[in-house]
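Participant: These are the residues of each chain, in order.
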Amino acid sequence: MIRKFFDIVAANAVPAVFIIISAFAIPLSGFSTGYLIQELLTRIGRNAFLILSLLIPIMAGMGLNFGMVLGAMAGQIGLLLICDWKIAGIPGMLSACLIGTPIAIILGIFCGHILNRAKGREMVTSYILGFFMNGIYQLVVLYLMGPVIPITNPSLLLSRGYGVRNAVSLSGIRAQLDNLIPTVITGTEGTQQFLNINADSSFFLIQLPFFEGTIKIPLATFIVIALFCVFIIWFRKTKLGQDMRAVAQSQSVADSAGIAVNRTRIIAIVISTVLACYGQIIYLQNMGTLNTYNSHDQAGMFSIAALLIGGASVSHASIANVFVGVILFHLMFIVAPMAGKNLIGEAQIGEYFRVFVSYGVIALALVLHAWKRNREQEANRRTLREALKK
Amino acid sequence: MIKNFIAKAGWPRIIIGLFLLALFITAPFVGVNFFTSLNNTIVRFGMNSVLVLAMIPMIQAGCGLNFGLPLGIIAGLLGATLSIEFNEKILELLLQCATQYKISWLTEEFLTLHREAIGFASAIIIAIPFAAVLGWLYGKLLNRVKGDEMMIATYVGFSSVSFMCIAWLLLPYKHPTMIWGYAGHGLRTTISVDGYWLHILNDWLAINFKEDIVLSDSLTLNVNLSIPTGMLIFFAAMALFVWLFMRTKTGTAMTAAGSNPEFARASGVNVDKMRTISVVMSTILGAVGIIVYQQSFGFIQLYMGPFYMALPAVASILLGGASVNKATILNVIVGTFLFQGILTMTPSVFNSLFQTDMSEVIRLIVSNGMILYALTRKVRA
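Protein chains in written order, with my numbering: chain D, 5 to 394; chain S, 114 to 494.
Certain hints may be false.
The calculated EDC-like cross-link candidates involving lysine to aspartate or glutamate, where the alpha carbons are at most 16 Å apart (straight line), are [stated by the list, open to error]: (1) K287(S) to E201(S); (2) K259(S) to E382(D); (3) K8(D) to E380(D); (4) K376(D) to D11(D); (5) K259(S) to E380(D).
Which residues of chain S face chain D? A partial, calculated answer using Cβ under 10 Å [unchecked claim]: (6) E262; (7) G270; (8) S272; (9) M417; (10) I442.
No lab work stands behind these hints: they were computed from the structure. Note that CB positions come from ideal geometry on N, CA and C, so glycine has one too.
Use the sequences and the hints to build the structure in full.
Facilitator: Here it is in structure tokens:
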């Protein structure tokens, strides 16, 4: 009974803590509801795809794919090249995907092979692999772009003539997907005012009676994310998806059932890496600027923290976890600095608190998972021992 | 013979060793002073060696690579900042003790003369209990998550560093050299140890050698060496301590718990206890290590400073030939020397060769490549 209670608490501890923190921090921050909803919608569109890319390796029992930064790097290389070639708009995004895909596939296969050599410690290995590839990425972007990989646009290059600048403006594709199907929600009173300001452009306008202010919805991005969710639900039911779940249950059983374990694991990582590449492109089209040497690192850390905040564990994650996580994580992201400032008088404290919580949550989720697994092992051993006694 | 050596040392180590050798050979031809580089390498070796030494107990006890080193570093930072904060008080207290217990040699002159050494010693003495408590808790945690230690250690390290960021801002430190001048509270990001224990070990028994050796009319060799003997002695003492400890009954039991936990348990070793002791030791060594690092570096780095400090230390010991579950003092010495050698040599040599500084990229690739290699190596059971 107590054990059961403990299990339920442990399973939902992380989201619960976050709901409590948010409940305190939202009033403290003093932000309006309209502002919070607008920010959250933007950030869901920005981040959800990246987080969804983590689901398939978890399904295959490989834990949190810290190697998703490899995919993010592939996406960024695609974006850098289309910036150089000055392809803008949706064609630009598509060609960035087209360039990123083969790179992501190669990196994914590489990552999969490495992880197959480090079974049982996939997470720490993929984590270090991310750092290692970051070195290679810097080598390529900082030294090879220019002399080896031709970059003609001088605004991309550092003043010394080679190597890409620290911050690259993605003005060509900024918000292109978000605004593909422009949609706005307004209150009845705000409608006329809004139309007066934006008379020359066309919008899908949704009017809600008891609503103040205006909220823009990145509808096309949401459609892409929804399609991706459908893909994951469908994928679970395919032969490959079932194989992955079998591998996650027990590699030896899966092997004797005729499933090519290592190959299945590599495919899981390749899919995740390619999707992370697309996710990063969507993320950056929303941001509008590419931090050449930081963006991918942040993508990995934030996505994993968000997924865990949504109640996922190392061995189990659902689509619902993704959306709960992205909402709770970003809610804290928005309100923490303001709350810190209003509470103690220093925004810096809220900022540090935010960082602390992101890392702390990952640590907590990993601890809870390992603890639970070890307790189950212990319990299994005990039942076996008692069975032998009889 | 050669084959045997290669098998023993492993390809990555040989490649990196040859790379370092090539750097040292190239150095004079591109106008980099060989002796200065060597000297820098030795100084950096001394700075980092104790931090690398902190890896040994945990690896030996089977807790894996200590990615949670920042926890020990935090204890060290607490010790260092508290030592500066209460510097005057500590001296007063010692003087009181001297008069009360009639210790004749402990006079005021003696205290003023050795003020820096006392500051350094008190930093270590204050840091050790913090490290012991943090290490004990950390060890208890790691016992519950066997099999996932490394990943959890990483994130425990990260979250404790970011937690301490808040603490550094809020703790009621008062000493004017340490807090922000305009705010009047909150510790600074970097605190100079100048006037407290700057170079206390580096300068102790230091061998200074400065001479221009004229080889021919056009070639003079500018030799400017300053060997930080005290720091090297300190490292040797710590290494000896670890070496001796590993040979005591507890140390042997610890190694047994690491190499085969089931067998160790069957022979009556309390595996969990051994693991906890190893984590406490590693954390204490980490705390001492960072104080040694600071006295040479000259600054206490707070806030995000300790964040990535575990990775170089982990990479160093692996570069020295340690594996995920076995490490020796020799691994520490060889590894730290190779790693710091590359860090010192690449910027200077590459700068002169290609007019560009690739050292950061090389550091990333070498250190993480090394860790990756160790993680993917098949463990011989």
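Participant: Does each hint fit the structure? Answer for all of them.
Facilitator: Going down the list of hints, with the structure as the test:
1. K287(S) to E201(S): holds (13 Å)
2. K259(S) to E382(D): holds (12 Å)
3. K8(D) to E380(D): holds (13 Å)
4. K376(D) to D11(D): The given pair, whose Cα atoms are some 8 Å apart, holds under the 16 Å limit.
5. K259(S) to E380(D): holds (13 Å)
6. E262: This interface hint holds because 9 Å falls under the 10 Å limit.
7. G270: OK, holds: G270(S) within 10 Å of chain D, min 9 Å.
8. S272: With a minimum Cβ separation of about 4 Å from chain D (threshold 10 Å), the hint on S272(S) holds.
9. M417: holds (9 Å)
10. I442: violated (25 Å)
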